[in-house]
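Protein chains in written order, with numbering that gives the first Met the number 0: chain A, 0 to 372; chain B, 0 to 372; chain C, 0 to 372; chain D, 0 to 372.
No wet-lab data here; the hints were simulated from the structure. There's no promise every hint is true.
Computed from the model, here is a short list of chain D residues facing chain C with C-beta under 10 Å [as the list claims (entries may be wrong)]:
no., residue
1, 47
2, 115
3, 163
4, 167
5, 170
6, 188
7, 189
8, 223
9, 224
10, 236
11, 253
12, 257
13, 266
14, 275
15, 286
DSSO-like cross-link-like pairs, simulated, lysine-lysine; straight-line CA separation at most 30 Å [what the hints assert, rightly or not]:
no., chain 1, residue 1, chain 2, residue 2
16, D, 241, D, 366
17, B, 3, C, 1
18, A, 241, B, 3
Beta carbons are placed, not taken as given, at the ideal position from N, Cα and C, and that holds for glycine.
Protein chains: 4
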Amino acid sequence: MKRKIRMGMVGGGPGAFIGDVHRMAARLDGMIELVCGAFSSHPDKNRAAGNSLFLPESRCYDTFEEMFEKEKSLPEGERMDFVSITTPNHLHAPIALKALQNGFHVVCEKPMTLTVEEAEALAAEVERSGLLFCLTHNYTAYPMIRTAGQMIRAGELGSIRRIMVEYPQGWLADAVTPDNIQGSWRTNPVTSGVSCCMGDIGSHSENLAEFITGLKISELCANIKSFVPGRLLDDDGDVLLKFDNGAIGSLSASQIAVGEENALKIRVYGTKAAIEWNQQTPESLVIKYNDRPMQIMRRNWAGAGGRWSRLPAGHPEGFIEAFGNLYRDMALAIDARMQGVEYKTEFPTVHDGLRGVRFIHAVVASKGQWIKL
Amino acid sequence: MKRKIRMGMVGGGPGAFIGDVHRMAARLDGMIELVCGAFSSHPDKNRAAGNSLFLPESRCYDTFEEMFEKEKSLPEGERMDFVSITTPNHLHAPIALKALQNGFHVVCEKPMTLTVEEAEALAAEVERSGLLFCLTHNYTAYPMIRTAGQMIRAGELGSIRRIMVEYPQGWLADAVTPDNIQGSWRTNPVTSGVSCCMGDIGSHSENLAEFITGLKISELCANIKSFVPGRLLDDDGDVLLKFDNGAIGSLSASQIAVGEENALKIRVYGTKAAIEWNQQTPESLVIKYNDRPMQIMRRNWAGAGGRWSRLPAGHPEGFIEAFGNLYRDMALAIDARMQGVEYKTEFPTVHDGLRGVRFIHAVVASKGQWIKL
Amino acid sequence: MKRKIRMGMVGGGPGAFIGDVHRMAARLDGMIELVCGAFSSHPDKNRAAGNSLFLPESRCYDTFEEMFEKEKSLPEGERMDFVSITTPNHLHAPIALKALQNGFHVVCEKPMTLTVEEAEALAAEVERSGLLFCLTHNYTAYPMIRTAGQMIRAGELGSIRRIMVEYPQGWLADAVTPDNIQGSWRTNPVTSGVSCCMGDIGSHSENLAEFITGLKISELCANIKSFVPGRLLDDDGDVLLKFDNGAIGSLSASQIAVGEENALKIRVYGTKAAIEWNQQTPESLVIKYNDRPMQIMRRNWAGAGGRWSRLPAGHPEGFIEAFGNLYRDMALAIDARMQGVEYKTEFPTVHDGLRGVRFIHAVVASKGQWIKL
Amino acid sequence: MKRKIRMGMVGGGPGAFIGDVHRMAARLDGMIELVCGAFSSHPDKNRAAGNSLFLPESRCYDTFEEMFEKEKSLPEGERMDFVSITTPNHLHAPIALKALQNGFHVVCEKPMTLTVEEAEALAAEVERSGLLFCLTHNYTAYPMIRTAGQMIRAGELGSIRRIMVEYPQGWLADAVTPDNIQGSWRTNPVTSGVSCCMGDIGSHSENLAEFITGLKISELCANIKSFVPGRLLDDDGDVLLKFDNGAIGSLSASQIAVGEENALKIRVYGTKAAIEWNQQTPESLVIKYNDRPMQIMRRNWAGAGGRWSRLPAGHPEGFIEAFGNLYRDMALAIDARMQGVEYKTEFPTVHDGLRGVRFIHAVVASKGQWIKL
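Please take these sequences and the hints and turn them into a complete structure.
Quick look at the structure:
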């Protein structure tokens, strides 16, 4: 690389969760430098965030519009190269659109937009602009998930028949108090969109199932529910799935599954072998056979996951390192563009984002009936 | 106990699987003695079975009708006290009915009957006769399942919201060859009934979910499929569930889940706590909380499961011991009747069997639509 | 088999633990019938045991001497074929010697005797009499241990370099109250011998290490300790090991390891591969490689452990089933003798017992110095 | 914090492993900036490293002496605040001494020095200078280890009786080829010191055992061995331990344990409870009791480990994050000094380093006999 890639950030002010994760992930490999931000719509919080991140006041902007405007006017190599959008859901679309229109590459949180129309418009803008757009479906970037995807696409499981994906959490089992910032905006239709549980973690599950298998969900039938009294959006649900190759399966997501942390788990069964992976033990990929002992593939052992690893096997990597793979990919892609060389990105794209928004809307529209996706 | 309880058996001849399990389970506690049998419709196999079990030829009967007839004429204390029915599904109903009509208590394999009508008739006959009827939904007899059931009914989980049960197997992933006796009759509608996968292991899942929670499935929506070419019955499927208290959840069962053994697993989430249990690690019951560390309750440790245990914690008990709990329960119940004392059985009954048959038929009838149970 | 094999039992009266296990194990396969016993030195308890086991009073003997005397005079096919000795340690030697002298095969609990001299005398008597002698180091009879032993002896691990075996328990962490029958005799030098912890479970560890590898401990250095005030025998300790092929390793055993059940675990590292097995998850055998993913071999899956199995993979077998393998082996061996055919036993022998007693005495004599075994 | 803390690095050039880890750990929280380095004694490699890290050529020094000299002359806020030493073992002492003499705080890899004399000299220089010295026994910085240490020191385990620590690796099971840079210097007495296995990972085990319990090893008896032909240093061994409070236990370390990654595991048994932790599953801390179910404490769940966490429970943190806790601690400590406020560091110190070197030398000197530490 010629130089560090320069990042701006929208969102991620005090009290946010995912903004910090993005920053740690961006720092990890020393390829990216945070140069500016519009961290909060509260000017005080925005300045506080900028200070704690050692940014000069001049590059701590009151609004994303101002940021894009002013950064655009800075010389290349000084201005930001890309923006990272870590706001609540309803702001993803306007910010991302504006960023692209101003010539900035985008890293954007999921779900990509509130509506299918917004998602389509964003996809069109990415196409038009030719800029890079990375949607942070970060689970796809775990080394053993990448290895699993390679195995499946190479036919090592045979023809896929059954896919089971689940994402149980327990953190919204009770009514949300106002100081729970994360819970408050996620359970609010204005900021979260038509769905809470399926939008937040159901969409991760859908994305992972399609990413790892290369298949598409063709039809679904969903039973979603809001358990906590007064809650306006779903906090729990199950979905029957049909895939475009004839495989079937299920997707379950819950935010009221008491005692569960972030137990995203996926199982894929083919005619020859099966795989199982759990986000809480991400360093292992279980391969099962009918005619042989099961194997536990481990990151950076016997070649597995090595290309996406940073450490020897047995020294645990985790969430930040996986997230960091998205940022590294983005940094390398921007660098390649600057140097005019070919580079094939591996991060989820605007098309994954569009698909995710369609999935969320189909789940909500299903009301217990089958619906095509 | 005054004397050993005397058992006859129908089915369980050479090549059978579950007959052997019943015999080991019946022997385990030294309370039950096998005194007669009609093990196979092939006279040679029947004699061979009788010989290997050290039975006199005179009590190795060609047919179950003959067995019931002749045993009935023997004096009490010599004749069999109960019959254990371990044949393919289609024979359960006629044998059980005949046994009850001849005054014998019954232990019967599941699914109880092929049709709902048969199941209702059998339930009526049990009521009429006042005899004991134990359906071998053996998973309900694992010590930690019994403990889980007690906890849930005592309110330790709060109000139940989500139930997830699954039973993946891989043994029928390919077409069945004729020498696969178990596979052959299970995939044949004549001997197996309207369903293979949901009848064989879906019904175990349904039963376990209702047993452990005390709730009833009120409505379901099923997506079942037959993956292996030429197979006439389902070998895979998922079911959306609604329970009578408002809880929701899912049930998945598969016989084409390559690499899976008998991974029956149940999770129940309440407002206060959750439990998780897996048949392949049956000695542990995981209890999860939002506000406390999770606990691993272990059989015969700190009181858990102790009443249904035979060994100290850490000396593994398993499938046979759980199955043996059903037989011990039956033996103690018969002994109590002989002695004229009260005894409260804990084994699954003809009503569980009727419910299971209704479940199987509802799943098959659903065809992707919601159906009341 | 021609007929059931007939078993007598010494020990195993009310309050005993291991006697019940022996009886369940002996019953499991329907090959063995309990025909007589001297269960307790208390006549009342003895009768009570006999009654609960449905034995006639005439075959419930006051002493083992009487039992051997009277049984010897019964006709073959009526008299007992072998005796099972499940008393506290100090009685093993006199009972076993007397049984052999009276022509009965023997199944005997471990440690085999209190002293090396007794052990040598017993070994000589077994040689002289030509009778069968099975020492119940039951852990050697787990299917996956048998499979591990085969693999190691077939060279699949390469040359063995490191062996780690441990057996932590917590049940004697506090002073023993008189109603704790198991704890009372085990902590009493009169009934237990020179060691408690190393005698009871250290000897299982030593036996398993030598059984599974075929190697012999050539030298050891032990650090044992009695933690509970007033306790006369060791309740905890570690031993450095050297094996006859140059391998090294360690053995740890504890009865004060609070929270531990019966976590016997063995790991063997060779030049090519390693194995790991834990008694509390006995259905799995982990195989590790430097150049390949680790494998989890499972009982009755892809051939592993199948010969010593009773159930399909995933239907858990456990402690009783493993113990039952010793009894089945004994029954088949006695039957083979009756029929005059060859039969190769797989159970631990009097020589394993002698070696175990030598190990216990070496550990106690070591006092932190190296001692040859 | 007023400004980012400025780091220089010695070692960590191309082909090194741990240098990269230090840099990722230092970057993670955005508090530390790498400003200079002497990464390799090969000038070309040194420049290459500097370039890839985006350092100006002027601050990429040929030698550590030059680095200290030149940096010292820069103004505060521009010059480095501390140096991170990630060279092979033999260089730790001279570099660290020189750094301290030039007024720089030090982060230093372990084992701290080759000899006890060097270690004592370094400890004296730290005392004399009053500068900060952090030894990267990084395992002590895992959140659940910190929680375990708090629990033990608060008496929640009661009085400690047994400590078992082990660190098996398999990566040196075969002879090292020259391109294996890590293996080459570690097996070379000139660069590694008197021990390979016990120096590299035995010392981590010793440190963790003492850190977590607050106890000191008072006496040890070691059996170490070099298995690979031609290897000059130990690659495997076991150590019997006595602690200053009367507890006993064992320490095993191996680099020839085929199939093992970095399976550092510690168990501590007290009179009331026990803990178990494994580096490969670092997010869980198992607490065991005799009279209650075991608990699995999880990072950032119900308060455990939260203070040292960056992510919600269930989003795995790992090795880099733990390492990052040492760097964050150092950064906060330097900042506190700059601001003149009190700050209590939690990182391992020069005294831990001295103790580690003494441990290594005692193990090597033991030759199977007890030796005081």
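Taking the hints in turn, this is what the structure says about them:
The criterion of a C-beta within 10 Å of any C-beta in chain C is not met by residue 47 of chain D, whose closest approach is roughly 31 Å, and the hint is violated. For residue 115 of chain D, the interface hint is violated, since its Cβ never comes within 10 Å of a Cβ in chain C; the closest pair sits about 25 Å apart. Annotation: interface hint on residue 163 of chain D holds; nearest CB of chain C at approximately 6 Å, less than 10 Å. Taken as an interface hint, residue 167 of chain D checks out: its beta carbon lies about 8 Å from the nearest beta carbon of chain C, inside 10 Å.
Interface hint status for residue 170 of chain D: upheld, as the beta-carbon distance to the closest one in chain C is roughly 7 Å, under 10 Å. For residue 188 of chain D, the interface hint is violated, the least distance from its beta-carbon to any beta-carbon of chain C being 21 Å, above 10 Å. With a least beta-carbon distance of about 26 Å to chain C, the hint placing residue 189 of chain D at the interface is violated under the 10 Å criterion. Checking residue 223 of chain D against chain C: minimum C-beta separation of about 9 Å stays under 10 Å; hint holds.
For residue 224 of chain D, the interface hint holds, since its Cβ comes within 10 Å of a Cβ in chain C; the closest pair sits about 6 Å apart. At about 8 Å, the closest approach between the beta carbon of residue 236 of chain D and any beta carbon in chain C falls short of 10 Å, and the interface hint on this residue holds. Using the Cβ-Cβ criterion of 10 Å, the hint placing residue 253 of chain D at the interface with chain C is satisfied: the shortest such distance is roughly 6 Å. Below 10 Å, beta-carbon pairs count as interface contacts, and residue 257 of chain D has one with chain C at about 5 Å; its hint therefore holds.
This hint holds: residue 266 of chain D has a C-beta 8 Å from the nearest C-beta of chain C, less than the 10 Å allowed. This hint holds: residue 275 of chain D has a C-beta 9 Å from the nearest C-beta of chain C, less than the 10 Å allowed. The interface hint given for residue 286 of chain D is met, as the beta carbon of that residue sits about 8 Å from the closest beta carbon of chain C, less than 10 Å. Among the hinted pairs, residue 241 of chain D with residue 366 of chain D is consistent with the structure: their alpha-carbon atoms are about 16 Å apart, no more than 30 Å.
A distance of roughly 24 Å separates the Cα atoms of residue 3 of chain B and residue 1 of chain C; the hinted pair therefore holds under the 30 Å criterion. Taken as a hint, the residue 241 of chain A and residue 3 of chain B pair is broken in the structure, with Cα atoms around 54 Å apart against an allowance of 30 Å.
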